[in-house]
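Residue strings, one per chain:
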Amino acid sequence: MNEHIVRSYEDELNQLAAEVVRMGGLAEAQVNDSIQAFARRDVPLAQAMIGRDGKLDAMEAEIERAAIRMIALRQPMANDLRRTMAAMKIAMNLERCGDLAKNIGKRTLILAEAEPAGPVTRSIERMGKLVASRLKEVIDAYTASEVDRAVSVWSRDTEVDEHYESLFRELLTYMMGDPRTITAGAHLLFVAKNLERIGDHATNIAEIVHFEITGQEIVSERPKLDTLTP
Amino acid sequence: MTDAAQIQLKNGRLKRRHAAEARFRLYGRVAIIVALSFLVLLLGRIGLQGYSTFTTNTVSLPVYLDPARIDRADLEGSNYDYVVALSLLKRMGETEDEFGVNSGDAMALVSRDLGFQILDKVKADPNLIGKTITVTGPVKADADLYYKGELKRSTDEADRKLNDRQLDWLDRLKKSGAVTSGFNVNFFTHADSTEPEQAGILGAVIGSAMMLLVTALIAVPMGVMAAVWLEEFAPKNRWTDIIEVNINNLAAVPSIVYGLLGLAVFINWFGAPRGSALTGGMVLALMALPTVIIATRSALKAVPPSIREAAWGVGASRTQTVFHHVLPQAMPGVMTGTILSLAHALGETAPLLMIGMIAFNPGLPQGFTSSASVLPVQVFIWENASERAFHERTAAAIIVLLVFMIAMNAAAVILRRRFERRW
Amino acid sequence: MVAPMTTQPPLIRTAAPHSHNAAPVNPPKILVRDVNVFYGPKQALFDVTLDIPGKAVTAFIGPSGCGKSTFLRCINRMNDTIPGCRVDGRIEMDGENVNDSHIDPVILRAKVGMVFQKPNPFPKSIFENVAYGPRIHGIASSKSDLEGIVEASLKKAGLWAEVSDRLHQPGTGLSGGQQQRLVIARAIAVSPEVILMDEPCSALDPIATAKIEELIDELRQQYCIVIVTHSMAQAARVSQRTAFFHMGKLIETGSTEEIFTNPRESRTQDYITGRIG
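Order-wise, the sequence lines are chains A, B and C.
All the letters of the first sequence, read from the start, carry residue numbers 117 to 346 under our numbering.
All the letters of the second sequence, read from the start, carry residue numbers 38 to 460 under our numbering.
All the letters of the third sequence, read from the start, carry residue numbers 1381 to 1657 under our numbering.
No lab work stands behind these hints, which were simulated from the structure alone.
Hints are supplied without guarantee of correctness; some may be wrong.
Claimed, not checked - In silico DSS-like links for lysine-lysine, alpha-carbon gap of 25 Å or less:
no.: 1; chain 1: C; residue 1: K1536; chain 2: C; residue 2: K1435
no.: 2; chain 1: B; residue 1: K198; chain 2: B; residue 2: K273
no.: 3; chain 1: C; residue 1: K1535; chain 2: C; residue 2: K1504
no.: 4; chain 1: C; residue 1: K1504; chain 2: C; residue 2: K1422
no.: 5; chain 1: C; residue 1: K1504; chain 2: C; residue 2: K1491
no.: 6; chain 1: B; residue 1: K338; chain 2: C; residue 2: K1498
no.: 7; chain 1: C; residue 1: K1535; chain 2: C; residue 2: K1435
no.: 8; chain 1: C; residue 1: K1422; chain 2: B; residue 2: K273
no.: 9; chain 1: C; residue 1: K1504; chain 2: B; residue 2: K338
Unchecked claim - Quick partial rundown of chain A residues pointing at chain C, CB under 8 Å, derived from the structure:
no.: 10; residue: E180
no.: 11; residue: M193
no.: 12; residue: N195
Said to hold, decoys possible - Chain C is nowhere near these chain A residues, computed Cβ spacing over 10 Å in every case:
no.: 13; residue: K205
no.: 14; residue: A230
no.: 15; residue: R242
no.: 16; residue: N320
Even glycine gets a Cβ: it sits at the ideal position worked out from N, Cα and C.
Required output: the full structure, derived from the provided sequences and hints.
Have a look at this one:
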């Protein structure tokens, strides 16, 4: 693609994208760390990860500021406008992912005192790894501007849901069987839920990437497992 | 090169540039001074030569209308100049001698105008015969010259027009108050005459005006319309280019060629009256036409195309655009060009000589087809006249001509300013 | 687990934009088919084909020298006034091809008014400026009729309040923005159906520009307006449909929203975002 005639405009756009990529990397690391800390009940790792969440928030604020500035001063059009909006929206999604990872970390700290890692933890870990890989995939798709990779992430949204559904049933069974496991079970449920939501955010990001590159919104329904309707 | 040397060089160059500029300014000033001094010289010379025309000496005489010399039955045939001369002699205390030398001398002092005045009066009231009336009229040209100091006693009597006795009489008349000096109204109210003191430029002025009218009526509409067609309507091809080149060349053709054209075509072929205001006007119209066309085209070109586009955009046709918008906008330029070319035509002599405007016209022109004289030709005629008194009149006529031209140019400037303000 | 989705049948593309600026589905007022324009041997426009809707604003954008002004001037046959200019093709308005030799350009130009880049009121009074058109086309039947037309046109152009007390002062004494509105009033006075504007705001300051844009917004409810502009922001603000010209060719047309958020052609995108000149 041709370069902007005004070089500084081109540089600003590239810088915005680079910021988002960096934030993506950091969010990825946070999610990975949260899963690892949870799986091994690794308290220092969890604490370190929780401490880094502030940085993610700061990055999101910075990206938002830069995007607003871009719109006010450069009046971007067409694909430039989509890129700017995409950067802002992806940053929001990544920040939420970071918050969810922090929540997982907090619950890890609680679980570390009470419950050692069991089979459920390993299931959750498997789900977490899947979610983390999807997040990585979608961030790579953004970095490389590859629509197909984003679309494939988008289409496989159901994978995460299936994990979550089975974990949900498993945990319910445990909790119904033994009331002493309810506290731990509740926390584990929340961890699973957080991971599922990180997965949703990854799908969001996939939609945003698709819009940025093609200019068309994905209108069709996300392939979702609908277990709420009987 | 060291810094100091570079600075030296720069200063040197700078000095040379300033010196060159100062020199150039000096050349400009010198050129203007030379031009202005020539102008001053010329105008001064003419002014000095002609200013005396504007004053003239008038004599007031009681004239006894001797019934013996005036025949009631034939008023026209009586010799009134003789009657006047006798009265003058009487005034001087002399009488007629047997050879008529005295009356001859007396007649040479007083204009024939007095005689004509008496004729008119007697015709109106024949009962005046036998009475004494006072008549006032100009002195004759040579006497006038004496009073103005042109004719001097110091010259040898044999070389003068007036002898000593006549000069004495003139002195006495002046001393007695019979001769007064005043503004030369006759110069502006009389037409040409063989007698210098009676000669005036009115005939030439009216002739010039009539001729200019003809020129204007022919050249201006034709010229403006031709220019409008060439500029706004004509297709831009080789033919219009050729026309344009030819028009430009025509503006540079020597004016006498137009005179030849007028002679050959207008007079010999069309049978136009020779030396008339009509023919003169036609010839000068041909001469002025290229200039009018060029000036009008220039003015039209200067109208910005945005005006035309605006008019077309509203749905005006080409003709409407030109006549409602472009031409009014170009009016100042057109008028200036027209007036200037007419002023130029006013001063043309050579072509008018060719078409026979050199005839002597004692009266005012009767119409456009009768023989007329014009100011520049009048100057030419008077310059060639033998009488010395015509000298000063030539210069006076030139002054009048110049005044006309300045007036026309001033009119052009004023009109232009007035119309330009609107835009 | 899940069938690999390499093709995207579930993806439905978004179709119509839903903004207040959306072009109503208006019947086209001007149908342009295969128009080619030559200046002598040099071709300036190549096979231009598009529809221009009525009662809406269509903007022509493109870099300098791309032919948008030339094309605009074809619509009211102003190119006839340029010697050596030849226009081929059909430009249909109300079923008739304006390029036909039997169409009188004088009458056409009453139907299709024009506003130029530099405001060019006649060097006459304000009243005369507006009254000239109706007068030469014989629209007014009496003096009071004419005065009524002048007043109505000036009101529609948003100028009446400012000049009602000095109608007989020269039009050239107004400010640039007022002059341009006077020119618009002049064009409106002959009851056109189409108004062509060739960069009408490029000589005006931002406030005057905004006033003209507001005026265009009001006028589009009654007239078909075609505006050539080299300010993309202006085209984006003011028009419902946009056509992009480049080097004499029509590259893309579409609704303004589409062109400025998601153009189909990469050349359009490059121009809009400032990547090519």
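Structure-based check of all given hints:
no.	hint	verdict
1	K1536(C) with K1435(C)	16 Å, holds
2	K198(B) with K273(B)	70 Å, violated
3	K1535(C) with K1504(C)	19 Å, holds
4	K1504(C) with K1422(C)	39 Å, violated
5	K1504(C) with K1491(C)	23 Å, holds
6	K338(B) with K1498(C)	19 Å, holds
7	K1535(C) with K1435(C)	19 Å, holds
8	K1422(C) with K273(B)	19 Å, holds
9	K1504(C) with K338(B)	20 Å, holds
10	E180	21 Å, violated
11	M193	5 Å, holds
12	N195	6 Å, holds
13	K205	15 Å, holds
14	A230	34 Å, holds
15	R242	14 Å, holds
16	N320	16 Å, holds
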